[in-house]
Every structure is written in structure tokens, then in C-alpha cells.
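Q: Let the hints inform the model, and build the full structure from the sequences given.
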Amino acid sequence: DGGITQSPKYLFRKEGQNVTLSCEQNLNHDAMYWYRQDPGQGLRLIYYSQIVNDFQKGDIAEGYSVSREKKESFPLTVTSAQKNPTAFYLCASSMAGGGSYEQYFGPGTRLTVT
Amino acid sequence: DQQVKQNSPSLSVQEGRISILNCDYTNSMFDYFLWYKKYPAEGPTFLISISSIKDKNEDGRFTVFLNKSAKHLSLHIVPSQPGDSAVYFCAASESLGTSYGKLTFGQGTILTVHP
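Respectively, the protein sequence lines represent chains A and B. Sequence positions in the first sequence follow this note's numbering and run 1 to 114. Sequence positions in the second sequence follow this note's numbering and run 1001 to 1115.
Calculated directly from the structure, the hints in this document are not laboratory data. The C-beta atom is built at its ideal place from N, Cα and C for all residues, glycine as well. Take the hints with a grain of salt, since some may be wrong.
To spell it out: a stretch of chain B is covered by chain A in this simulated footprint if at least three of its residues, at any positions, have a beta carbon under 8 Å from a beta carbon of chain A; those stretches are [unchecked claim]:
#, region
1, 1041-1053
2, 1066-1073
The calculated lysine-lysine pairs, modelled on BS3-like cross-linking and capped at a C-alpha distance of 27 Å, are [to be verified]:
#, chain 1, residue 1, chain 2, residue 2
3, B, Lys1054, A, Lys57
4, B, Lys1005, A, Lys83
5, A, Lys9, B, Lys1037
6, A, Lys57, B, Lys1056
If we take Cβ atoms under 10 Å as the criterion, some of the chain B residues that face chain A in the derived model are [said to hold, decoys possible]:
#, residue
7, Phe1089
8, Cys1090
9, Ala1091
A: Laid out in C-alpha cells, this is it:
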């Protein structure tokens, strides 16, 4: 059963702590993405990766870091430098190249930092 | 700078009637457009897309129209069903350069379909 998994569904952290959100896909997609959604707003791109061992900053990369050591995995670390980390985080993947830009999304992780 | 805008935060329609969701964009380099549907606390699911070489794409009850000169697209749902109640996002992409494959999303429109 192909898809994208994100874990955990809910995550709570104290201010000042780094936290890593997991994203795994078994769709054999080359490209992976991280977005955050805040209430009343659309999805904003944090980081994306078109190929293993390569990634680019999105529109709101400050305070976040990523790695892409394996095709299937694209973990996101929310560092203590991120000023407003509480949000709903969504991971997505797509086939790089060709004419299809459809991205498939995981179920999301809601992070609450207090 | 909001390159993709959905100016209607919400839309309410009666079951069986047409729902029309609108989206405007400013970046003339966008050449592929998508609509996603999202339920609370879930990831968005892909609905329908359209390339800039077309002005209409239809899939069952869903039709997307693209007006390139006006930089405007719309999603028509006919007939609307209560299960269509969700947040709808439009998204745009450009096929050239380093932004290849990167989607820019609008703010979303909450659609409520009343029985």
C-alpha cells in the first residue's frame, strides 16, 4: 500500500528544544517537500528536495533544517531558532521531471510548543 | 507577496447546486495549476489540474477553467454534495528554472454544502 507517512500525529515540546518530524514515502518519488499550515492561511513551503543529498530552501526556511540521505526519507528539524514553531506540518512527495507536478501529501503532524 | 490568491475565505451552497471557487495569480511564469481538497487535521488530496496550454479540464463533477489573460482560474463542482464540504486550495507551479516542481498555494476557501 503506497503512500506517505508522518509521525507522530501530535507532538508537544517545550520552548528552546529542537524537535525532528519524520516523513517517509514508498511511492518511489524523487522529490519531497515540507510545508507548514497556520490557521486561516495556505500552505507555505519550508524546504524541498529534488534528489537524494540535495535540498533547497523554500519561502520560510529560517529556523528549520532538513536532510535527505535516503530517497524514502526527508526528516524536518524545527530548531529553537524558529520563532513561531506551533503549526500543522505537512510532508509531500512527487515524481521529479516530466509533466506531472502533482504532489501527494502525508496526514500531517501538529506541533505545539509551549 | 501573495502570488496565488483565493479572495473568498468561505462559500456556502445548497446540495445539488453548483459551487464555484475562484483563484487569481500574479506570476506570469506559472504554467501548471492544481486544486486540492483538505479536511481538518488531514493532508490535502489532489482533485484536478490544468496546464496553461488548455483553458478547461473536466473530471466527473469537477471542472477547472483557466483564463490566462486574466490570470484567473476557477473550480466548478456540479452537482455539489455534502461530502464536498472541505477547504479547497488552488496551487500553481512553473516548469522552468530552479522553481521546477515547487507549488505555491493560495490561502484556501472553506466550502460548506448544506443538505
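Q: Going through the numbered hints above, which ones does this structure break? Give me the numbers in ascending order.
A: 2, 3, 6
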